[in-house]
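J.: Could you fit the two chains together into a complex? Lean on the hints.
Protein sequences, first through last, are from chains A and B.
Residues in the first sequence are numbered from 1 upward in steps of one, following this note's numbering.
Residues in the second sequence are numbered from 1 upward in steps of one, following this note's numbering.
In case anyone wonders, no lab produced these hints; they're calculated from the structure.
Computed from a prediction, not measured in an experiment: that's the story for all the values here.
Note that the Cβ used here is the ideal one computed from N, Cα and C, for glycine as well.
A few chain A residues that face chain B, going by a derived Cβ cut-off under 10 Å, partial list only:
#1 Pro49
#2 Asn59
#3 Ala147
A few chain B residues that don't get close to chain A, going by computed Cβ distances all over 12 Å:
#4 Phe11
#5 Tyr38
#6 Ala86
#7 Gly90
#8 Arg218
#9 Leu272
#10 Arg288
#11 Leu289
#12 Arg324
#13 Tyr353
#14 Asp357
#15 Asn369
#16 Arg413
#17 Leu421
These are the residues of each chain, in order.
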Amino acid sequence: MIPAQLAGFLESGVSVLVATRDARLSPDALRAMGVRVERGGAELTVFLPAATSREALANLRDNGRIAVCFSRAADHRSVQVKGRAVEVGEAGADERERVERYLDALADAWGVIGIPARATLRLAHWPCHAVRVRVEGVFVQTPGPDAGAPLVDVAGRAP
Amino acid sequence: MIRLEELGPCFPGIVPAQIATCGRDGEPNVTYLSQVQYVDPRRVALSCQFFNKTRRNVEENPLASVLLYHPLTFEAYRLRLRFEHAETEGPLFDTMALRIQVIASHTGMTGVFALRSADVYEVLSVERVEGLLLPADPALEEAAPPLPAGPLTEIRGLQVVSDRIARAPDLPALLAGALEALDALFGFSHAMVLVPAGGAELVAIASHGYGEAALGARARIGAGIIGCVAQRRRMLRVAGVGAELRYGRAVRERLEAAGGGTLPPEVPLPGLPDAQAQLALPLLVRDRLVGVLAFESRDPLCFDDWDEAFLGIVGNQIAMGMDRLRPAGEGTGPFPAPRLAPAPERRRVFCYYRNDDCVFVDGEYLIRNVPGRILWKLLGQHRREGRTEFTNRELRLDPALGLPAVKDNLESRLILLRRRLQEKCPEVRLVPVRRGRFALELDCAVSLLEKECG
Numbered sequence: 001m002i003p004a005q006l007a008g009f010l011e012s013g014v015s016v017l018v019a020t021r022d023a024r025l026s027p028d029a030l031r032a033m034g035v036r037v038e039r040g041g042a043e044l045t046v047f048l049p050a051a052t053s054r055e056a057l058a059n060l061r062d063n064g065r066i067a068v069c070f071s072r073a074a075d076h077r078s079v080q081v082k083g084r085a086v087e088v089g090e091a092g093a094d095e096r097e098r099v100e101r102y103l104d105a106l107a108d109a110w111g112v113i114g115i116p117a118r119a120t121l122r123l124a125h126w127p128c129h130a131v132r133v134r135v136e137g138v139f140v141q142t143p144g145p146d147a148g149a150p151l152v153d154v155a156g157r158a159p
Numbered sequence: 001m002i003r004l005e006e007l008g009p010c011f012p013g014i015v016p017a018q019i020a021t022c023g024r025d026g027e028p029n030v031t032y033l034s035q036v037q038y039v040d041p042r043r044v045a046l047s048c049q050f051f052n053k054t055r056r057n058v059e060e061n062p063l064a065s066v067l068l069y070h071p072l073t074f075e076a077y078r079l080r081l082r083f084e085h086a087e088t089e090g091p092l093f094d095t096m097a098l099r100i101q102v103i104a105s106h107t108g109m110t111g112v113f114a115l116r117s118a119d120v121y122e123v124l125s126v127e128r129v130e131g132l133l134l135p136a137d138p139a140l141e142e143a144a145p146p147l148p149a150g151p152l153t154e155i156r157g158l159q160v161v162s163d164r165i166a167r168a169p170d171l172p173a174l175l176a177g178a179l180e181a182l183d184a185l186f187g188f189s190h191a192m193v194l195v196p197a198g199g200a201e202l203v204a205i206a207s208h209g210y211g212e213a214a215l216g217a218r219a220r221i222g223a224g225i226i227g228c229v230a231q232r233r234r235m236l237r238v239a240g241v242g243a244e245l246r247y248g249r250a251v252r253e254r255l256e257a258a259g260g261g262t263l264p265p266e267v268p269l270p271g272l273p274d275a276q277a278q279l280a281l282p283l284l285v286r287d288r289l290v291g292v293l294a295f296e297s298r299d300p301l302c303f304d305d306w307d308e309a310f311l312g313i314v315g316n317q318i319a320m321g322m323d324r325l326r327p328a329g330e331g332t333g334p335f336p337a338p339r340l341a342p343a344p345e346r347r348r349v350f351c352y353y354r355n356d357d358c359v360f361v362d363g364e365y366l367i368r369n370v371p372g373r374i375l376w377k378l379l380g381q382h383r384r385e386g387r388t389e390f391t392n393r394e395l396r397l398d399p400a401l402g403l404p405a406v407k408d409n410l411e412s413r414l415i416l417l418r419r420r421l422q423e424k425c426p427e428v429r430l431v432p433v434r435r436g437r438f439a440l441e442l443d444c445a446v447s448l449l450e451k452e453c454g
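Just chain B, with the same shape it has in the complex (with noise of 0.2 Å):
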C-alpha cells in the first residue's frame, strides 16, 4: 500500500479532490471537495462547510471513496476511507478553520461561510488509479523539474541567513538583510514583514520584490491570510489560491441567490494581486506577536511542508532579533517590548493620589507634583506594554505631566526622582542610556494603586 505520506503534494488540493458516498437506501453521491487534510499516517480530515449530502451519507454509512491528484503528474491515488468522528474544535479544526476564514475574509463572507467541522476518516487503503493517463507525449512534456536542494545546501543557507539576523545593527538592516537573503539563496522573491499598528491594523515594516508601494501597506486583523495569521497566531500556507477564492465566490454567489442578504465586498488581496500561493507565520516571542512574516508566489506550488519548516526557523530568529533591536523610547513604537524577565523576590506597591498629586510606596511617602506624575507615567507603561527605555522628549510632550513650555527643569526634577527612588525604593532605577533616554529598572515586582486620599 502506497503510505500516505508519500502524498503530501496532492493535500493542497491545487486539483480539486472528488468523493464519493453512499446513503443507507443505496444512492450514491459525488462532488468535490474543498480540503482534504493530512492528520496522521492512518487518518485524514476533511472539511464540512454545509451540512451537505456526503455529511448525511456518511453518518449513516461510513463508507467513502475520494480521489487525490498530484498537482504535477496528474496522477491520481484513490483512499477508501471510513467515517470516524467530527471535531468541531482543537487544532486540526482550528487550522481548517482558519484556510477557510482567509477565504472567506477575502470574500465578504467572514461569519457566514465557515467551517462547521473537521471531519476525520481513517484510511482503509491507498491506491494508485491505474490506467488513468496516457504516456506522456516528450514533444510536449517540459523537462522535469529540478530536484530541490540538498540539505547541506539548506543549512548552509540557513546559517547566511541566520548571520544577517544574529548581526545585523538595527532593525531595518535585519529585515532588508533576511529578506534579501531568503530571496538570493532560496528564491522567496516576494516577502514582507508586518508588525502590529494599534488597533486591529498590522503594517508592513520591510518588504522584498515589491518595491516602495509595499511599505506601510496595512492588513486589518482577522482579514486575509495576514490577518488571519495575527489573530490565530498560527502558520497558514494556501496553495492555488485563484482556485480556493473561485470556490468562495460559488459559495457568496449561491448565499446571494439564496437570500442571504448583502455580504460585505470582496476584500482585494494584499501583495501581488495574481498571487498563485501564500504562506504566513506569526513571529512570536513568548506568548506576544511582534509580527507577521508573509511570503507570496505566482506559482501555486511554490510552499510545500519543507518551507513550512523551514521559515518557521528563519521567523523564529527574525522574532527574536526583532525583539532585540525593538525601538526603544521613541513614542510607543511599532510594537511593544518585553515585560523586564528577572523573578522578581519582593513586591512594592506604589499608590497614587489623585487629589494630592503624590505617591506612596508601600504607605511610605515618595514623591510629588510633577515628578511624580512622570514617575507614575512611566510604570503605568511598564506596566500596560511592557517598557523599559524611554525618552526626556515624550516626556515633554505629554500634557498630563504638566510641564511647563520653556524652562521645564525635567532633568532636574529627574534628578530628584532618581535619587529619591535610590533612597526609599532602590529596587525600582531610572538609569541614563544615551542623551536624552533613560531605561526603567525593576528589581522587584510592582503594584499599582490609584486612589483619593481621605
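Pulled out of the complex, with its shape left as it was, chain A reads as follows (with noise of 0.2 Å):
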C-alpha cells in the first residue's frame, strides 16, 4: 500500500526504473516514462514506452512479477515498489498528455544536475504500455545503511 504522501513523490520527475525476470529466473532492467497511483495506493499503473519494453513485457505476461525504483536526481531519495501486473495492455490516446508532462518534469529534475534538457526530451516516450500493478511491499531504497528496509520499518522517517 502507497501511503497518501508518498503518491505526489511517486507521480513528480522522478527516475522511474522497472524491473521484470524471466522464467529462468534472468532479471531485465529498463525506463518506465512516469507512473500513476491508484485505488488509494493499492495499485500503480506504469507506463513502459513500446519502443523498449518488448522483453519486459514478454517478461510480465510470463508471470507477471514487477518492481519500480523511484529516485530523485537531486538527493538520491529513493523508493522501490514491489508487486504483480495484473493487467498490460497499450496506454490510450488520453494518457498521452501524462506521459509527456512526465518527461517534461524529469527534464527539469536532470537539469539540476547538468543533463541538457535536449538530451533528456530525446528519450523514446511514446507509444506507450500501461502496466496495472498490484502493489505487494514498498521499500527504502535511498543509498545508505537502511537501503532495501521496508517502509513500515522506518516509519517516521522520510525514504
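T.: This is how it looks when you write it as C-alpha cells:
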C-alpha cells in the first residue's frame, strides 16, 4: 500500500526504473515513463515505452513479477515498489499528455544535475504500454545503511 | 557483440548505471549503481558499500542485467552479467575503495562509508538498447566535439613538456614551466603540485589557473582526492564530482537518520569550488612520495584513460626532475632527498658515547665535543631523512650542538672533523659544494649506535 504522502513523490519528475524477470529468473531493467497511483495506493499504472519494453512485456505476461524504483536525481531519495502486473495493455491516447508532462518534469529534474533537456527529451516515450500493478510492498531505496528496508520499518523518517 | 572496451566513456558513471537482479523466490529488484569498473575484456566489478538486496539476490541467483549510459550520446548498453566472486583486498579493491574514500572524506564519513567488497561479474553479453532515443533534432544538437588530437601532436606536445622539465634550472621553474606547457598544449587549465609538508599535510608549492591563492593551500593526507592519492600512492580520477558528492550526501543523511551519531562536517573541496572532474597522481621516486600532481576541470568528461596514461608519463618526469632539483641545505626542505645510491662495499659502525660526548668508529676513538656532535647530527639526518647536503647556517642555529653565539669557529671545527675522517674513516667525507654548504659523501654502509660508556 502506497501512503498518500508518497503518491505525489512517485508521480513527480523522478526516475522510474522497472525490473522484470523471465521464467529462468534472468532479470531485465528498463526505464518507465512515469506512473499513476490508483485505488488509494493499492495499485500503480506504470507506462513502459513500446520501443524498449518488448522483453519486459514478455516477462510480465509470463509471471507478472515487477519491481519499480523511484529516485530523485538531486538527492537520491529513492523508494522501490514490488508487486504483480494484473493487466497489460496499450496506453490510451488520453494518457499521452500524462507521459509527456512526466518527461518534461524529468527533464527539469535532470537539468538541476547538469543533464541538458535536449538529451532527456530524446528518450523514446510514446507510444507506451500501460501496466497495472498490484502493490505488494514498498521499500526504502535511498543509498545508505537502511536501503532495502520496508517503508513501515523506517516510519517517521522520510525515505 | 560490442566489446566491453568500446564502452570506456560509460564507466565513470556520469549518467548513473542501473542494475536489475532477481532473488531465488522470483522477486526482481532494480536500483542505481554507484560504480561500474572495467576489469578485463570479460569482466566488470560493481561496488558494494552496504550488504543490500542486490548483493543478497546475486548470491542466490547470479544473473544480473546492467544498463550503462554513454555520457555524451545518452545511448544505453545492456550488460548481461553473472556474479563470480567478491574481492575484499588487492589492486581492484584498492582502486574502487579509493574512489569511495575520496567521497567519504569530503562528506565527513571517513571510516563510516567505505567499500565492503568489489563484486566481480562475468559479462555474458553486451548490446546496445535499441529504440531508447528518438532521432536527434539538428536544431537542438550542438556540433560534434572535435576529434582528439592525433598521436603525432601528442608526442610533440609531450616532447615540449619534457624539454621544459629537463632544462629547468630550479624547482619553481620546473613546476611552473611544466604546468604552463600542459595548459597551453593540452588544455589542462587547472593544476597544482603539492609536496609533503611534514606531519599529515601536503602543501601546494606550484599552481596554474588558480591565481596566487592556491599557493600554500594545504591538504590533509587521507582526505579528499589529493590526500587519498598521497596516502594510497595511486592515481585517481573522479568524473562527475557533483554526482559522487550527491551520492555521498544521500548516504550521510541516511546514516544520520538511522542514528549513526554525529558525523564530522563536510570538508570543502580544494581548488575549484565547482569542479566536476578531478585527476590526481602521486609523484614517486622509487617508493618515495615527493608530491602529488592534481588537475581539475569544470567539464565532467575532461579526463579519460588517455589522460591517465599521458599524465602518468608527465608525472614521472616531474618526479624525477623534482628529485634532481631537490632543495638542499636549507632546513629539511619541503621533501626529503634520496638516500645515496652507490652499493656500499663495507660497513662502518659509529658509536656516540653520550656521557663522554665522543664518537668512536669501529671501536676506535674518532672525535669529541662540538665536531663530534656535528658528525652525529649529519649521520643521523642522513639516515632518517636521506639528506646529503647541509648548510653551515643550520648548524649554527641548532642549539643541541652547543656552538657559542659569537666566534663559534665553526669553519675550523669542520676542518678538524674533515681531517679526522680522512685519517680514520676515509669512506665518509664532508665536501664543500659552495660557500656555506657542504655535502656528506658515503662510500660505505653506516651503522649508528648510541651508548653510555662504562
